[in-house]
Amino acid sequence: MLTRRGAFALALVLAAFAAPASAQNFTKQVTIIVPYAPGGTSDIIARVVGPELSKAIGQPVIVENKPSSSGNIGADFVAKSAPDGHTLLITDAGTLATQPNLVKKLSFDVQKDLVPITLVMFSPYLFAVHPSVPVSTLQELIAYDKANPGKLNVGTSGVGSIQHLTALVIAKKYGLKWGIVPYRGGAAAIRAVVSNESNVIFNGALATQPFVVQNQLKGIAVSGEKRLPAVANLPTFKELDMPIVDTGSWQGFLTSKDTPPAMTARLNAELRKILAQPEIVKKMAELGGEVRTSTPDEFANWLNKAINDWGAVVKAENIQIDG
Amino acid sequence: MDLFTNLATGFAVALTPANLGFCFLGALIGTLVGVLPGIAPITTIAILLPFTFTLPPASSLIMLAGIFYGAQYGGSTTAILVNVPGESSSIITCLDGHQMAKQGRAGPALAIAAIASFFAGTVATVVIATASAPMAALALKFNAPEYFSLMVLGLTGAVVLAHGAPEKAVAMVLIGLLLGLVGIDVNSGAPRMTMDFAGLGDGIGFVPIAIGMFGIAELAVTLGKPQDRKLLAFDWRELWPSKAELRQCTPAMVRGTALGCLLGVLPGGGAALSSFAAYAVEKKSATDPRRFGKGAIEGVAAPEAANNAGAQASFIPLLTLGIPGNAIMALMVGALMIQGIQPGPQVMTSQPQLFWGVIASMWLGNLMLIVLNLPLIGLWVSLLRVPYRLMFPAIVLFCCIGTYSAGNTVFDIWVMLIFSLLGVFFTKVGAEPAPFILGFVLGPLMEENFRRAMYISRGDPLVFVQRPISAVLLALAAILLVILILPVVRKKRDEVFQE
Numbered sequence: 001m002l003t004r005r006g007a008f009a010l011a012l013v014l015a016a017f018a019a020p021a022s023a024q025n026f027t028k029q030v031t032i033i034v035p036y037a038p039g040g041t042s043d044i045i046a047r048v049v050g051p052e053l054s055k056a057i058g059q060p061v062i063v064e065n066k067p068s069s070s071g072n073i074g075a076d077f078v079a080k081s082a083p084d085g086h087t088l089l090i091t092d093a094g095t096l097a098t099q100p101n102l103v104k105k106l107s108f109d110v111q112k113d114l115v116p117i118t119l120v121m122f123s124p125y126l127f128a129v130h131p132s133v134p135v136s137t138l139q140e141l142i143a144y145d146k147a148n149p150g151k152l153n154v155g156t157s158g159v160g161s162i163q164h165l166t167a168l169v170i171a172k173k174y175g176l177k178w179g180i181v182p183y184r185g186g187a188a189a190i191r192a193v194v195s196n197e198s199n200v201i202f203n204g205a206l207a208t209q210p211f212v213v214q215n216q217l218k219g220i221a222v223s224g225e226k227r228l229p230a231v232a233n234l235p236t237f238k239e240l241d242m243p244i245v246d247t248g249s250w251q252g253f254l255t256s257k258d259t260p261p262a263m264t265a266r267l268n269a270e271l272r273k274i275l276a277q278p279e280i281v282k283k284m285a286e287l288g289g290e291v292r293t294s295t296p297d298e299f300a301n302w303l304n305k306a307i308n309d310w311g312a313v314v315k316a317e318n319i320q321i322d323g
Numbered sequence: 324m325d326l327f328t329n330l331a332t333g334f335a336v337a338l339t340p341a342n343l344g345f346c347f348l349g350a351l352i353g354t355l356v357g358v359l360p361g362i363a364p365i366t367t368i369a370i371l372l373p374f375t376f377t378l379p380p381a382s383s384l385i386m387l388a389g390i391f392y393g394a395q396y397g398g399s400t401t402a403i404l405v406n407v408p409g410e411s412s413s414i415i416t417c418l419d420g421h422q423m424a425k426q427g428r429a430g431p432a433l434a435i436a437a438i439a440s441f442f443a444g445t446v447a448t449v450v451i452a453t454a455s456a457p458m459a460a461l462a463l464k465f466n467a468p469e470y471f472s473l474m475v476l477g478l479t480g481a482v483v484l485a486h487g488a489p490e491k492a493v494a495m496v497l498i499g500l501l502l503g504l505v506g507i508d509v510n511s512g513a514p515r516m517t518m519d520f521a522g523l524g525d526g527i528g529f530v531p532i533a534i535g536m537f538g539i540a541e542l543a544v545t546l547g548k549p550q551d552r553k554l555l556a557f558d559w560r561e562l563w564p565s566k567a568e569l570r571q572c573t574p575a576m577v578r579g580t581a582l583g584c585l586l587g588v589l590p591g592g593g594a595a596l597s598s599f600a601a602y603a604v605e606k607k608s609a610t611d612p613r614r615f616g617k618g619a620i621e622g623v624a625a626p627e628a629a630n631n632a633g634a635q636a637s638f639i640p641l642l643t644l645g646i647p648g649n650a651i652m653a654l655m656v657g658a659l660m661i662q663g664i665q666p667g668p669q670v671m672t673s674q675p676q677l678f679w680g681v682i683a684s685m686w687l688g689n690l691m692l693i694v695l696n697l698p699l700i701g702l703w704v705s706l707l708r709v710p711y712r713l714m715f716p717a718i719v720l721f722c723c724i725g726t727y728s729a730g731n732t733v734f735d736i737w738v739m740l741i742f743s744l745l746g747v748f749f750t751k752v753g754a755e756p757a758p759f760i761l762g763f764v765l766g767p768l769m770e771e772n773f774r775r776a777m778y779i780s781r782g783d784p785l786v787f788v789q790r791p792i793s794a795v796l797l798a799l800a801a802i803l804l805v806i807l808i809l810p811v812v813r814k815k816r817d818e819v820f821q822e
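Taken in order, these protein sequences are the chains called A and B. According to the working numbering, the first sequence is numbered sequentially starting from 1. According to the working numbering, the second sequence is numbered sequentially starting from 324.
Incorrect hints may appear among the rest.
[What the hints assert, rightly or not] So the derived list for chain A, only partly shown, Cβ under 10 Å to chain B, looks like this:
(1) K66
(2) P67
(3) N153
(4) G158
(5) P182
(6) Y183
(7) R184
(8) R191
(9) S195
(10) G224
(11) L228
(12) P229
(13) V231
(14) A316
Calculated directly from the structure, the hints in this document are not laboratory data. C-beta atoms are modelled at their ideal positions from N, C-alpha and C, and glycine is treated no differently.
Using the sequences plus the hints, can you model the full thing?
If you want it as structure tokens, here you go:
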């Protein structure tokens, strides 16, 4: 039992903790915009995080899908919404880093019209081939492609996707003649490579890993600087001195420009707390990624670097998509 | 064979309380729409499609499948008692079923319809389970050229087996194909025919088209037809058919089931075609064909077995190859895609719980249906007294809500309304919407796989005939086309549809 004095003291302490947050309280329902159709990674993140966010801020949180145009419609909607931190965008590298470089008449500017809140998830790429391709290292693959031009085809998640750009950059560096075959999303690309329709893939590591472990695909390397425990025998892009070491897929939360920094900070704090919960970390692993959160500034730097890096690739390869 | 392990997996999924519930719900809704003339299972499935998104994939498919085969049971009740087919697949049941009812034998007619349906449902479940294993082995060999050839076969089948003039079916397939191509092209990333409408970037939505063409348009067409609903009474104590009648029916049921299983698998086939064919076979093989049309009980048993077997067998190409054989199966593809599952041969191996769960639920659903239909028949019949003026506005409202909630844009509601008008127009000019929806779903896949196959072969078109499976599929498509063109066969086909 608490004494009356004890209760009073506790109330004071609680009030002291609550005070800084009261400056940026949530006054109405919060909407998370998913710029893709239901069922994709961004959508699932929103639906997993949404209820937790609602508990944390004491307001209802609803998830709204605004699919179309590679995520640009939904992102545009958030960019033009009221700058009060009540409309959030969850999307991926496609909308944030490649579209701005590929689409000339985009109706908003990712860097100017959106404010980053936090990164959510990062998944390095696993570089793998179909087991019938008689190579098991990068050097062997380069030699095989020289001897058999046109035999290798990279299955990618779509035209202008990071997978597509990665395949282009690597082909350029090593003089590879492989074909690049676009599919409707990463899952379709994996399926095609497992069935030997195409035979090379760069795809989210955790989604691709099971196929390598079961020998349905043969691993060559993993992107990033860190080896992966489940496929620890595979060298990293860094070890092999491959280009674009940091290639991979990632998702993040953003909101509209001019949102008060205190609001962004509160959202950042709440989202990071939610993303640290063990069940959420487990759910993200099921989706094929590891939770990777950041401060708004770190995310902003990450975004700028990604847009510049991929911009350079798009320019060098002269990739054009009109739309 | 590990058929039993697979079926055990399936029953483990289907027997969870939630899935039993969805199976029951599907069977119940199916019976309901089956009984009510004017509301087809396809309308219902189209309307419920957006709402299945929140369900787990297996539950969603279990429920939608239940609606489809449940309607085959319900449709016969109306056919027998009112002489109005509740569903297109029970048209043929009117012939002898209603005659039996007029002779005071409504009870046995209803009972034999339910028994035949249950028998066929059980056999069809086993057939699907057995057929899927070899299909799965074949499926692993499917690459872009095979998919392309399969789509060609599917679309050819849609034309050959469509009702009415083949020219119209071809036109409908082509219109569907054209509209299916709207949106960003997967091979080049370029937007096509979007007219700078942002809402068209990902193509015209499947849900608004399906609801418009099959939901609202069908209702409008039904309203245009005069309704004559005279209910015949039947006596409860005379529900059970006599031993002699049962013996008479058994071979008819077996033949009907076999025909249904065969015709259901064909692209464009399904429940209606199977029941017509089964009736024709019974009439031809009977010792006294004159009895047919005057209350012959085989004339009820055979088509009822066939339509149920056909309904379930049409799931075989969908579940094993991801190819929808008819418009309802095309909606099922939509249901899978809403769940983020790309339909195709890999569903069997990557989603065994979904695959076998749906199959096991079919048998459970059939069991529920026989319980639902026989004792509760009085309840279903009383539903026929609900006036359309109350029912239809509610359905239209439901259509709008469903369409909006699928994509959260008002744009989709406009698309739905436009396609409702188009649907009415197509029906009025005698062009079936089914080939349209098949063209819409299969066309883009056909193009995508064609271009992919050409790219991977570096431009060599021979790839389509050098690969054996692809060559066989193309040959089958060619044979179907020849059959369609041959005047003799064509006349025969017209006769079949005339009946």
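Against the structure, the hints:
At about 6 Å, the closest approach between the beta carbon of K66 of chain A and any beta carbon in chain B falls short of 10 Å, and the interface hint on this residue holds. For P67 of chain A, the interface hint holds, the least distance from its beta-carbon to any beta-carbon of chain B being 6 Å, beneath 10 Å. At about 6 Å, the closest approach between the beta carbon of N153 of chain A and any beta carbon in chain B falls short of 10 Å, and the interface hint on this residue holds. Of the supplied interface hints, the one on G158 of chain A holds, with its beta-carbon coming within about 7 Å of a beta-carbon of chain B, less than 10 Å.
The criterion of a C-beta within 10 Å of any C-beta in chain B is met by P182 of chain A, whose closest approach is roughly 6 Å, and the hint holds. The restraint placing Y183 of chain A at the interface with chain B holds, with a minimum CB-CB distance near 7 Å, inside the 10 Å limit. Taking 10 Å as the C-beta cut-off, the interface hint given for R184 of chain A holds, the closest approach to chain B being about 6 Å. Hint status for R191 of chain A relative to chain B: holds, with the closest Cβ pair at about 6 Å, below 10 Å.
Annotation: interface hint on S195 of chain A holds; nearest CB of chain B at approximately 6 Å, less than 10 Å. A hinted interface residue such as G224 of chain A counts as satisfied when its beta carbon comes closer than 10 Å to some beta carbon of chain B; here the least separation is about 27 Å, so the hint is violated. With a least beta-carbon distance of about 22 Å to chain B, the hint placing L228 of chain A at the interface is violated under the 10 Å criterion. Taking 10 Å as the C-beta cut-off, the interface hint given for P229 of chain A is violated, the closest approach to chain B being about 24 Å.
Hint status for V231 of chain A: violated, given a least beta-carbon distance of 20 Å to chain B, over 10 Å. Proximity of A316 of chain A to chain B is violated relative to the hint, the smallest CB-CB distance being about 18 Å (cut-off 10 Å).
When held up to the earlier numbered hints, the structure conflicts with 10, 11, 12, 13, 14 and fits the remainder.
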